[in-house]
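Novice: Here is what each chain is made of, one letter per residue.
There are 2 protein chains.
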Amino acid sequence: MLQAILSPTRRLVLAGLIALFAIPALGAEDPLPSWNEGTTKAAIVDFVARVTKEGGPDYVAPAERIATFDNDGTLWAEQPVYFQVIFAMDRVKAMAGDHPEWKDQQPFKAVLEDDRATLAALGEHGLLEIIAATHSGVTTTEFNKTVAQWFATAREKRFNRPYNEMIYQPMVELLAYLRANGFSTFIVSGGGIEFMRVFTEKAYGIPPQQVVGSSGVVKFELDASGKPVLIKEPKVEFVDDGPGKPVGINRFIGRQPIFAFGNSDGDLQMLQYTAGRDGASFMGLVHHTDAEREWAYDRKSPVGKLDKALDEAEKRGWTVMDMKRDWKVIFPPWP
Amino acid sequence: MLQAILSPTRRLVLAGLIALFAIPALGAEDPLPSWNEGTTKAAIVDFVARVTKEGGPDYVAPAERIATFDNDGTLWAEQPVYFQVIFAMDRVKAMAGDHPEWKDQQPFKAVLEDDRATLAALGEHGLLEIIAATHSGVTTTEFNKTVAQWFATAREKRFNRPYNEMIYQPMVELLAYLRANGFSTFIVSGGGIEFMRVFTEKAYGIPPQQVVGSSGVVKFELDASGKPVLIKEPKVEFVDDGPGKPVGINRFIGRQPIFAFGNSDGDLQMLQYTAGRDGASFMGLVHHTDAEREWAYDRKSPVGKLDKALDEAEKRGWTVMDMKRDWKVIFPPWP
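Residue numbers (numbering that gives the first Met the number 0), protein chains in the order written: chain B, 0 to 334; chain U, 0 to 334.
Worth flagging that the hints you see were computed from the coordinates, not collected in a lab.
Some clues are possibly wrong.
One copy or two, it doesn't matter: identical chains are merged, so the pair holds either way.
As the list claims (entries may be wrong) - Simulated crosslink set (DSS-like; lysine-lysine; CA at most 27 Å straight-line):
| id | residue 1 | residue 2 |
| --- | --- | --- |
| 1 | K52 | K234 |
| 2 | K52 | K108 |
| 3 | K323 | K226 |
| 4 | K226 | K307 |
| 5 | K218 | K234 |
| 6 | K304 | K327 |
| 7 | K299 | K314 |
| 8 | K201 | K108 |
| 9 | K314 | K218 |
| 10 | K201 | K52 |
Let the hints inform the model, and build the full structure from the sequences given.
Specialist: Okay, here's the thing in structure tokens:
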């Protein structure tokens with residue numbers, strides 16, 4: 000009726016006005032404002048629309064909407080070494096006064112002397128020795144305090160900001176977007192479970208019970224005053240990496256994810272496990288392509304190597320997120 | 000105004016009418032209808048009121064409202080033996096055709112011949128052998144199907160109902176009441192984590208990711224067709240009992256509970272850990288006192304022994320729930 004009485008010119012003006020008001024309205028409601036428009040963002044939004052459409056062929060009940068995210072290199076940065084390793088090295092320095100023997104004892108000597116060549120050649124065994132010495136012999140409560148203190152005071156060298164501000168703003172938005180659509184969001188990371196839990200709730204909105212990670216043996220005791228404590232022992236209990244990730248998901252969550260995001264070969268099995276689910280699933284990889292705003296690395300990187308998983312993603316049509324192309328910003332504003 | 004113009008008699012009639020309508024209204028809203036009025040129910044309701052009262056001295060933020068429940072003997076029955084043991088024995092019988100050697104091999108021989116004397120003397124080692132043989136060599140998916148099938152067909156002998164209908168109606172109400180008050184409800188049980196997860200969501204409203212239990216080693220593989228599977232191995236990984244309970248809580252939940260309910264000495268450390276929290280906490284024990292409607296047992300029972308924890312509860316003023324006195328009904332209606 001209205002259209003019928005309007006001249007073609009007026010109709011065009013009206014359409015323009017509608018579009019003008021429609022665009023900002025859409026923009027204001029965009030749940031992923033830090034993501035550039037393109038195939039990656041479209042793939043995410045399309046997947047979420049499909050699995051939440053009641054009566055649709057890909058509908059998934061909310062209880063089954065499990066989303067799992069790797070942490071290092073997927074939710075926060077991981078270069079030039081995992082931040083937990085930097086924490087451990089800082090701890091070696093802080094604890095050295097109580098350990099005079101470390102001055103002459105590797106791998107501690109190399110940490111104290113900042114001997115890069117020796118550190119670079121440490122290997123898994125040396126690294127585990129440093130982790131064990133700095134992550135045990137204390138109660139879980141004391142350890143949590145030490146980690147919180149480190150986050151409050153230590154600064155990442157290149158960007159000069161706290162390590163817990165080295166998180167990826169677009170991923171923070173993605174996590175919130177998934178939760179707003181009835182997903183439960185979990186971290187499934189090779190990082191230490193107690194280390195991560197200190198910052199994940201504030202940084203990502205992910206509470207401790209939704210953090211799956213590597214762990215050491217912990218022992219229950221009543222201390223001299225009768226107070227119950229948990230003592231961290233220098234013994235690895237579970238490594239939540241590679242094939243350990245589906246094992247950790249099965250143990251902690253008990254459900255196959257429908258959405259998983261990783262960035263390295265250590266995430267391959269988690270993505271395979273997600274892809275193997277009956278019904279719709281989304282597999283994503285963060286490809287670090289932005290040396291200017293973050294770091295660029297993949298097949299040859301000693302940290303966060305992305306090689307086999309990249310081949311598999313290309314072969315299977317998984318979503319490969321290109322940091323340079325797909326993200327408007329990397330880190331949240333700080334301070 | 001209204002009161003001023005009413006005669007005393009009319010006022011009394013009006014008050015009576017208000018009371019008449021108010022009582023059924025309160026009754027309809029009682030979130031714990033299967034609990035008799037008394038000190039136990041009052042202690043629970045009072046605790047929930049205190050920790051949810053914003054601005055009150057005992058207020059606890061919703062994220063910290065972690066409630067942990069033992070399963071065997073706390074949320075469902077456990078006599079004359081743990082139901083998972085009955086499942087394992089039923090599996091030995093079902094699998095015997097593929098294991099002709101079991102006819103002459105203990106402890107399987109005793110199960111197949113229903114040799115009660117030998118079974119009663121099995122001990123932990125024999126029991127673990129039966130569990131290992133019946134809970135491994137299959138994928139987690141296959142195992143879950145077998146357990147679901149057992150729940151659908153097996154019947155508890157004394158009450159002639161499915162084992163997943165041997166749950167306690169008052170506890171189902173308590174779980175829902177806590178959740179309605181912003182608590183997260185978890186199971187923390189010595190039972191097998193995968194066994195429990197098959198029925199806990201439907202029975203208690205507790206999803207798989209909120210079930211902490213004992214576990215065996217699980218291995219990730221791609222099967223011949225390239226499908227990812229998790230194979231259950233015959234090796235114990237974690238025993239979530241006694242001092243293992245606070246360890247399991249720390250690992251899976253990462254927060255000290257503010258509310259915990261158990262029924263045996265295997266729950267003592269979980270209750271101590273809860274009591275050791277800074278701030279308000281509630282520790283409860285189910286005391287099995289009703290031989291007629293359920294079972295009566297405590298200090299001398301080979302299953303669900305309640306001795307040290309009962310002493311500690313009396314000493315510390317924890318809440319001891321008396322089944323005969325405190326529960327109007329035990330099991331939900333069935334069929």
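Novice: My question is about K226 and K307: at a cut-off of 27 Å on alpha-carbon distance, are they close within one copy, between copies, both, or neither?
Specialist: between (49 Å within a copy, 17 Å between copies)
Novice: Go through the copies and call it for K323 and K226: within, between, both or neither, with a Cα cutoff of 27 Å.
Specialist: Neither: 52 Å inside a chain and 33 Å across chains, both beyond 27 Å.
Novice: Tell me, please, which holds for K52 and K108 at an alpha-carbon limit of 27 Å: within, between, both or neither?
Specialist: Answer is neither; intra-copy 59 Å and inter-copy 54 Å both fail.
Novice: How would you classify K52 and K234 at a CA-CA limit of 27 Å: within, between, both, or neither?
Specialist: neither (47 Å within a copy, 42 Å between copies)
Novice: Given a CA cutoff of 27 Å, do K201 and K108 count as a within-copy pair, a between-copy pair, both, or neither?
Specialist: neither (35 Å within a copy, 56 Å between copies)
Novice: At most 27 Å between C-alpha atoms: does K201 with K52 qualify within a copy, between copies, both, or neither?
Specialist: between (30 Å within a copy, 24 Å between copies)
Novice: Since the copies are identical, ignore which copy is meant and state whether K304 and K327 lie within 27 Å (CA to CA) inside a copy, between copies, both or neither.
Specialist: For K304 and K327, the Cα distance is within 27 Å only inside one copy (24 Å; across copies 61 Å).
Novice: Within, between, both or neither: how does the pair K299, K314 come out at a Cα-Cα threshold of 27 Å?
Specialist: Classified as within; 20 Å inside a copy, 62 Å across copies.
Novice: At most 27 Å between alpha carbons: which applies to K314 and K218, within, between, both or neither?
Specialist: The answer is between: 25 Å across copies meets 27 Å, while 45 Å in one copy does not.
Novice: Given identical chains, is K218 near K234, meaning Cα to Cα at most 27 Å, within a copy, between copies, both, or neither?
Specialist: both (11 Å within a copy, 21 Å between copies)
Checked against the numbered hints above, the structure breaks hints 1, 2, 3 and 8 and satisfies the rest.
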